[in-house]
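Undergrad: Residue numbers (the working numbering): 1 to 455.
Simulated from the structure, these hints should not be mistaken for laboratory data.
Treat each hint with caution, since some may be false.
[To be verified] List time: in silico SDA-like cross-link candidates among lysine to any residue, alpha-carbon distance up to 20 Å:
(1) Lys291 with Glu371
(2) Lys291 with Ala301
(3) Lys291 with Asp271
(4) Lys90 with Arg122
(5) Lys291 with Phe306
(6) Lys90 with Glu78
(7) Lys90 with Ile60
(8) Lys90 with Gln42
(9) Lys90 with Arg107
[What the hints assert, rightly or not] Per label pair, the in silico range of CB-to-CB distance:
(10) Val210 with Leu74: 21 to 31 Å
(11) Gly213 with Gly272: 20 to 30 Å
(12) Gly255 with Pro347: 17 to 27 Å
(13) Asp127 with Gly213: 15 to 25 Å
(14) Gly310 with Gly255: 40 to 50 Å
(15) Asp403 with Gly113: 18 to 28 Å
This structure is a prediction, so every number in the text was calculated from the model and none was measured.
Where is the CB? At the ideal position from N, CA and C, for every residue including glycine.
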Amino acid sequence: MARLVAPRMSLSTNPLKSSAAMGAANAYLGVDGAIPLLHGAQGCTAFALVAMVRHYDEPIPLQTTAMNEISTILGGAEQVEEAIDNLRRKASPTLIGIASTALTETRGEDVAGELRALRARRQDLTDTAIVYAATPDFIGGLEDGWARAVTAMIDELVPGRGRTHARQVNLLAGSHLTSADVEELVGLVRAFDLEPIVLPDISTSLDGHVDEGWRGTARGGTSLADIARMGESACTLVAGESLRGAAERLEARTGVPFRVYERLTGLRAVDGFVATLMGLAGASDAPADVKRARSRLVDAALDAHFHTGGLRVAIGADPDLVFGLGAALVDLGAEIVAAASTSWANPVLAQLPTAEVDIADLGALERRAAEAGAEVIIAHAHGRHAADRLGLPLVRAGFPIFDRLGAQDVCRVGYRGTRAFFLEIANAAQGRRLTPRPEHFGATPAAEEFEHARP
């Protein structure tokens, strides 16, 4: 069991976490025809927009209520109404997903109450779904905002229990999953002749594709009609501990039972997921292509463990991603010698097989990695500074990744994704080479370092 600690620091260096509001905006983009709306100043939205565009390399329809000095003091209800009217007139969204920011949360604005009053007064708004999630920047990070947005969508868009369809399942996708991850899980579910309803589904909206026309809303994702049918599913499969609360809310509204998968990276973890699918489908065996993918993972694990056995890893990311990747590497013989994450709220961090997890920034992770003699760093693009200073390979994972193309095409879940991840880490370990110098062959500390360096 890992102990969560907050290192004493006079300042934060090289921050690890992204804001909760940005997490909510990402989640809203998994609904077809949606527009995320940040309730705050223009600068808040501009920063989030730049980060998201650089990560996805796609146009992002992120909008703002553009709070100013007067509305910050007197209240932003008029700004919210004006923004909703403008978006409906110019883009005709199916869903407007509102996320608060530190500005409105610090003031204590009752946005939920204002929206209720607006709906009661404006009957013409009934053709547009409006969802609100409270996502102050000073509480939690991207993962927390994503979870609050998913919970808010369930509250607003799922009407209740319907007639159960035995072969329909819900899949709640956590913030740690890429578009390729979600696509892989959907493929696994469909391999057992089950039909998933994914919330949110970024595999068809943020996967990087060219449409015939242009529209200023999310281009793909789960439809509102499908979300409304989630109460008819036989089971809810939850990818990530952070969405347990959302699954509990869905069960309370609809009676649909749920199963949480804290990680879907690693042989045993995926075996458990596949066993569940077999039970739901009433199948006595897995399809041939699934069994083939499993056998290839076993082979890759045999190949990779020569390089991952005893590998000293430093990892920094949101809780679900830290646990998913870190625990999978420990299964393959690696050792987590330094870990940092972004939120106290997710209990899965306590299960990470390491002594301590810092709720801190990448600066703290860098210091821990140096002290513990880490050999590989796993973090998002901002981890490159620490990797350069320590002379270590960086495996990029999480949000944002803006210095490499195809971040959403990287898959690390399921049999295929786990296989790719194990080989990725093994190759990173092989890529760390020490160039021999004359002093390495003398009785010096450098000689000991060379002796223990990986070939």
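Undergrad: Hint by hint, note whether the structure agrees.
TA: Cross-check of the supplied hints:
no.: 1; hint: Lys291 with Glu371; verdict: violated (42 Å)
no.: 2; hint: Lys291 with Ala301; verdict: holds (15 Å)
no.: 3; hint: Lys291 with Asp271; verdict: holds (10 Å)
no.: 4; hint: Lys90 with Arg122; verdict: holds (18 Å)
no.: 5; hint: Lys291 with Phe306; verdict: violated (24 Å)
no.: 6; hint: Lys90 with Glu78; verdict: holds (18 Å)
no.: 7; hint: Lys90 with Ile60; verdict: holds (16 Å)
no.: 8; hint: Lys90 with Gln42; verdict: holds (19 Å)
no.: 9; hint: Lys90 with Arg107; verdict: violated (30 Å)
no.: 10; hint: Val210 with Leu74: 21 to 31 Å; verdict: violated (44 Å)
no.: 11; hint: Gly213 with Gly272: 20 to 30 Å; verdict: violated (43 Å)
no.: 12; hint: Gly255 with Pro347: 17 to 27 Å; verdict: holds (25 Å)
no.: 13; hint: Asp127 with Gly213: 15 to 25 Å; verdict: holds (21 Å)
no.: 14; hint: Gly310 with Gly255: 40 to 50 Å; verdict: holds (48 Å)
no.: 15; hint: Asp403 with Gly113: 18 to 28 Å; verdict: violated (43 Å)
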